[in-house]
Amino acid sequence: MIVRDKPNLFQLFFTLRGSIVPLIFPQIVLIALLGTAVALTQEYFPSIFPSFTLAPLALLGVALSLFLGFRNNASYDRWWEARKQWGQLVVDARSLSRQLTTYITNDTDNGRQTQQLMVKLIIAFTHALRHHLRKSDPWTDITPYLPAAELVSLQRSKNLPDAILRLLGKYLAKAQEQGLLSDILSKCLDERITSMAQVQAACERIKHTPLPFAYMLLVHRTAYLYCFILPFGIVGTQGLFTPLFCAIVAYAFFGLDALSEELEDPFGLAANDLALTAMSRSIEINLLETLGETELPEPILPHNYLLQ
Amino acid sequence: MIVRDKPNLFQLFFTLRGSIVPLIFPQIVLIALLGTAVALTQEYFPSIFPSFTLAPLALLGVALSLFLGFRNNASYDRWWEARKQWGQLVVDARSLSRQLTTYITNDTDNGRQTQQLMVKLIIAFTHALRHHLRKSDPWTDITPYLPAAELVSLQRSKNLPDAILRLLGKYLAKAQEQGLLSDILSKCLDERITSMAQVQAACERIKHTPLPFAYMLLVHRTAYLYCFILPFGIVGTQGLFTPLFCAIVAYAFFGLDALSEELEDPFGLAANDLALTAMSRSIEINLLETLGETELPEPILPHNYLLQ
Amino acid sequence: MIVRDKPNLFQLFFTLRGSIVPLIFPQIVLIALLGTAVALTQEYFPSIFPSFTLAPLALLGVALSLFLGFRNNASYDRWWEARKQWGQLVVDARSLSRQLTTYITNDTDNGRQTQQLMVKLIIAFTHALRHHLRKSDPWTDITPYLPAAELVSLQRSKNLPDAILRLLGKYLAKAQEQGLLSDILSKCLDERITSMAQVQAACERIKHTPLPFAYMLLVHRTAYLYCFILPFGIVGTQGLFTPLFCAIVAYAFFGLDALSEELEDPFGLAANDLALTAMSRSIEINLLETLGETELPEPILPHNYLLQ
Amino acid sequence: MIVRDKPNLFQLFFTLRGSIVPLIFPQIVLIALLGTAVALTQEYFPSIFPSFTLAPLALLGVALSLFLGFRNNASYDRWWEARKQWGQLVVDARSLSRQLTTYITNDTDNGRQTQQLMVKLIIAFTHALRHHLRKSDPWTDITPYLPAAELVSLQRSKNLPDAILRLLGKYLAKAQEQGLLSDILSKCLDERITSMAQVQAACERIKHTPLPFAYMLLVHRTAYLYCFILPFGIVGTQGLFTPLFCAIVAYAFFGLDALSEELEDPFGLAANDLALTAMSRSIEINLLETLGETELPEPILPHNYLLQ
Amino acid sequence: MIVRDKPNLFQLFFTLRGSIVPLIFPQIVLIALLGTAVALTQEYFPSIFPSFTLAPLALLGVALSLFLGFRNNASYDRWWEARKQWGQLVVDARSLSRQLTTYITNDTDNGRQTQQLMVKLIIAFTHALRHHLRKSDPWTDITPYLPAAELVSLQRSKNLPDAILRLLGKYLAKAQEQGLLSDILSKCLDERITSMAQVQAACERIKHTPLPFAYMLLVHRTAYLYCFILPFGIVGTQGLFTPLFCAIVAYAFFGLDALSEELEDPFGLAANDLALTAMSRSIEINLLETLGETELPEPILPHNYLLQ
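Residue numbers (this note's numbering), protein chains in the order written: chain A, 1 to 308; chain B, 1 to 308; chain C, 1 to 308; chain D, 1 to 308; chain E, 1 to 308.
Do not rely on the hints blindly, as some may be mistaken.
Identical copies go unnamed one by one, so any copy, or any two together, can satisfy a pair.
To be verified - No more than 16 angstroms apart at the CA atoms, straight line, and that leaves these computed lysine to aspartate or glutamate pairs for EDC-like: (1) 187 - 261; (2) 207 - 5; (3) 120 - 289; (4) 6 - 265; (5) 158 - 298; (6) 6 - 262; (7) 84 - 204; (8) 170 - 289.
Keep in mind that the hints were calculated from the coordinates and are not lab data.
Chain A extracted, bound-state conformation (with noise of 0.2 angstroms):
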């Protein structure tokens, strides 16, 4: 995620930094050199293009529009409903460790260690969503938290998060067996393990459930077919402006369209996705606060405005 304040006018049309325009360069160029081409043809050999139109560009450009209106509508919305879950996992890590300290005993070894050990899983829970979310190696930070015993059969697992909210689970049935817990306390808190579930389950949804493949070719080649078109269309009338206006317009369209692409899947490293790491490490800050901690790690900073 791109975190800076409002750009000035110059920056405003030189930033690179989460722009998508590198992104789109070779498009723009190709399109470019087409109206080049188109207009120096033009000018040498004036009737060659005479009687074409806007008439079918217009007409495709409705349809283009709402292509690119729909997919990136679609596209944000996955992008704001990933926050969503997890602005949600936040409330469910907040609030579960919150009733694990307070209704939990603090008064007994066990008590303090089911605390503990709970909240910690918790921790490790959220690292270990953003690491399958993002396919990286989840052991470095998760580690640490684990207990050493449960480390063997999670590493077997085939779905690590699923198999760490099992384990919570067991704690769980385990603390209300042991009489630290009622049942409807206990209860209670198994509604938040069963909301993470919920979080882990979206958050699967939007990563493996891309737009339809179709959708993606459609907008593609519409988009092609349009700015082929295009500089036959405006040569008559622009002249030697041509491959400008074809630069600009193809800038806003494959703009909007690689755009679209990137908030599709939200969960990367690209520099408009969602700032993850940051994320579990506020949570990671917060619960170890809960449980009295006084080291805490540092908080995420962005770097060179970017922050991950």
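Please arrange chains B, C, D and E on chain A, whose structure you already have, making use of the hints.
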């Protein structure tokens, strides 16, 4: 569901897998032929379509884009809601088996058997729901997970997934009567069963209530009328390029139309439908792991980019 | 609801069942006649509409498509929400009878009778709600499912479905008093009754709160003004084809308008309304099956493609 | 709320009841007069507006339709959400009184009195909320339903509906203390009271948070600028018909604007506002029926098509 | 938030309070100056921009209105969601204090103190959340409502509102341990605390996750490019009126842009931001009234139409 990376520019134009071009090829050809006929007529009898302009086309285009945009949004919402419902099923299946295996004691034979029986019934429900939605035969997939004693009565049922849920509810009530669960925890598990009933009803709703038939008529009729008028509208300015532009515009409009139609019923086996088989298998693996099984079935992988 | 496969190209243009053409035929003819009059006048007195162009038409068209698009979305949302509410009723009816037949013991006469009584009341509620929404006579459908002793007091009620729900609540409280259910499970069943009250209130809301009347006036007036100006706007360029184009444009705009109007109240018996009769019957069959009945009524099938 | 069948074509154009024409009549006349002035000037000094075209009008029209469309959607959403909240109040009022009259025993004097007292408080809440939202005097409507002992303290309250809910909560807690309700059922009833608090807060939100003021300025200024430019843009082609077209376009744009403004605060007494009086009365009748009363007040009927 | 009645026509055009004109004045002037330069150049060297037409402008306008429309919707949704979250806070604060003052007995000193302590903590949470979102100093507002013993530990906390919620949870658990509340009612109150944690997390989400930076770049760049091309596009037909039309179009597009930017972070002190101070004060008054206090602080009133 098509699972593949973004194709390059060449592949983009020639990929047929997952594309809707094969579906609408007849329409494109029809409109292109009409365009050819009109262009040739105009070429040899230049004065035959003298006064036609784009005016009615532009007015009709506004209506058509309204219809197509609305229908596309509605169809995509159905597709995405269907995916969300299956995501909810993932949560319910995982959470219910987590709860069954932690709250019901493992120490007695009866407890262990109840766990086994009920978790397997959840797997059976998942497969049964998929086959129910696809109107295919469920018995091969689900028989191993059903208690032999109930097989006959289930086979007589008019709505198999619903009957399995009722059976699940019966075992839950029995477990509570036998003292394996307190009534509070029993309520907690019952909520998951109700949530699974909700998933089923929502899928049945999407399956059995298509968009109002009149929309389909309205969209199709307007699209055809538009494309039939199109060549007359542009032949005056585009001359012999008329068939090309007709084909491109027809591709964009009929393409969106055909894709909307495919997404409207997301439970089929078409290229852009949901990967229900893979999702049920993934639930199956998760739940067997919860039971501590070590011989797990293989996950379903995409075949020629297509995941079903 | 119209239930049929996609018609072929020929059927597409000549299907009247489920189409809104019959509803808007007078408007189309009116506009076409006006178009004919204008075209003929122009033919014989060519200089009478000399300076008219499309400008005001295009400006008004923007407003009209805004109105029609908004109204169509709002009406479809009402229709789809109504369908969702009935889907929720399916869940509530199925879940409540599942809970009644599993949590209330089967072993005593009293338990069995309570099960029978309450599940039948749910069926009665379903039919009563349908008749309430359609303002038709419910007694033939519901009398067999009502306890004879309550018939008189129900007949005096001002809001029959609400009175049935109250009766259901009374039996539930009685069952709890008699010890057939613990208070926790009783709360669990009570939530389903409240959910059914929610379905009823939502259906009543959709039924009794149409879109603000002023929208209807605004949409209709603008649509008529647009279509009255239309022939003057296009006669200069389209000549004798004016009536044809007028009819097509009128079809598109008035068609969407009429369809929106039909969907606005989704509980009627029109071709695009919801199949409430079939859904109530399907709930009836499900619930009788839950009670172990073997003589079940037949499901409702579409008649001439129309499912009611 | 206007309640009437669809008017015929003649009525359609001349109905004023519920129409927004009276509200925007001054604007329409103003624009038409400006159009007349421009048209006459053009008639006598044909060369005075020589080069004006529709270009800036079309560009501004895009922005204007964006603004009007957005504002209309936002206002309608507020109106419909307000209606949904009152629908939720119907559910809460009906369900809470159903629960009160079934779970609290009828056999003791205390039980009967508690039922009476609390159900009447719900009626009082409904009326009080309506008057709170309309800033009218509630005491005539609610005094008969309030316990005389609490009247004074309620009259001092700064937020009457909230004070009634607190009173309802106090009686509920008392009922539980006296053993009329178990604590589980008490929680069940408490959820309904919280839900009524939610309805109140949502209505207050809609009432006290209008759309940002800057939108209003932006929409109005753009609409006026657009309509002031309009006659200059079309006089070249429409001649003496300019005032007519100006009036029609002004009707469409200002009409939508005025309607959005009316819907933005849906709790008033204007023609398109919600029928809160009728809804409160209907809740009143339902709840008195629940208490077994036989002398019920009459439902509110529309007066000259207007239901308040 | 601006609170005022609809201004009359004269005020409408000259109101600056709450308007976004002051924010975008530099852009409007810049575009108008460019328009002047182009118009004068055209006046003296008529042949210098001979062939420019509106074509590229119209094509780019489609993209621009797509971007502005999307961004406006997204920003307004954030603003309205933020308002809804604060509405939920109103419900939670009112309901939790209602429950505290009715379910915890008033008869013992301990009970009364617990009520006082906890209701005051809710007030402190409200103020702390507001200051947290506005990054301002909370201590003046909240110190009177905090227990002196906890002051030091709260001052060390990294996330003050979260720490207050944890404290609230601690007192709740203590109340339950001391037998002031049954565990079922305790769960009921705990749900409200979790709901307040949800409000906080949602507000933090809106505060710390702006729209993807790339949108901002895309919208601004396209808007500037559009307005830079604009005078060349219209000077051919509008002549010396070019600067006027440029300024009007720039006002409409940059105005919507600036307003979207202001609404994107709704927690500030700008004219169109939410009136958090007034809302917190209103909660404060409500809750003190619940405790039976009679000396209540004054509600916040708008100052020069501005309510903060």
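Now for the hints, and whether the structure bears them out:
Neither within a single protomer nor between protomers do residue 187 and residue 261 lie at most 16 angstroms apart by alpha-carbon distance, with minima of 41 angstroms and 43 angstroms respectively. For the homomeric pair residue 207 and residue 5, the shortest alpha-carbon distance between copies (14 angstroms) is at most 16 angstroms, but the shortest distance inside one copy (30 angstroms) is not. Taking the shortest alpha-carbon separations for residue 120 and residue 289, only the intra-copy value of 12 angstroms comes in at or below 16 angstroms, while the best inter-copy value is 23 angstroms. Taking identical chains as interchangeable, the C-alpha atoms of residue 6 and residue 265 lie at most 16 angstroms apart only when they sit on different chains, with a minimum of 13 angstroms there against 25 angstroms within one chain.
For the identical chains of this complex, residue 158 and residue 298 are inter-copy neighbours only, at 11 angstroms across copies versus 31 angstroms inside a copy, given an alpha-carbon limit of 16 angstroms. Taking identical chains as interchangeable, the C-alpha atoms of residue 6 and residue 262 lie at most 16 angstroms apart only when they sit on different chains, with a minimum of 12 angstroms there against 21 angstroms within one chain. In this assembly of identical chains, residue 84 and residue 204 lie within 16 angstroms of each other by CA distance both inside one copy and across copies; the values are 14 angstroms within and 11 angstroms between. In this homomeric assembly, residue 170 and residue 289 come within 16 angstroms of each other (Cα to Cα) only across copies, at 15 angstroms, whereas the closest approach inside a single copy is 24 angstroms.
Going down the numbered hints, you'll see the structure goes against just number 1.
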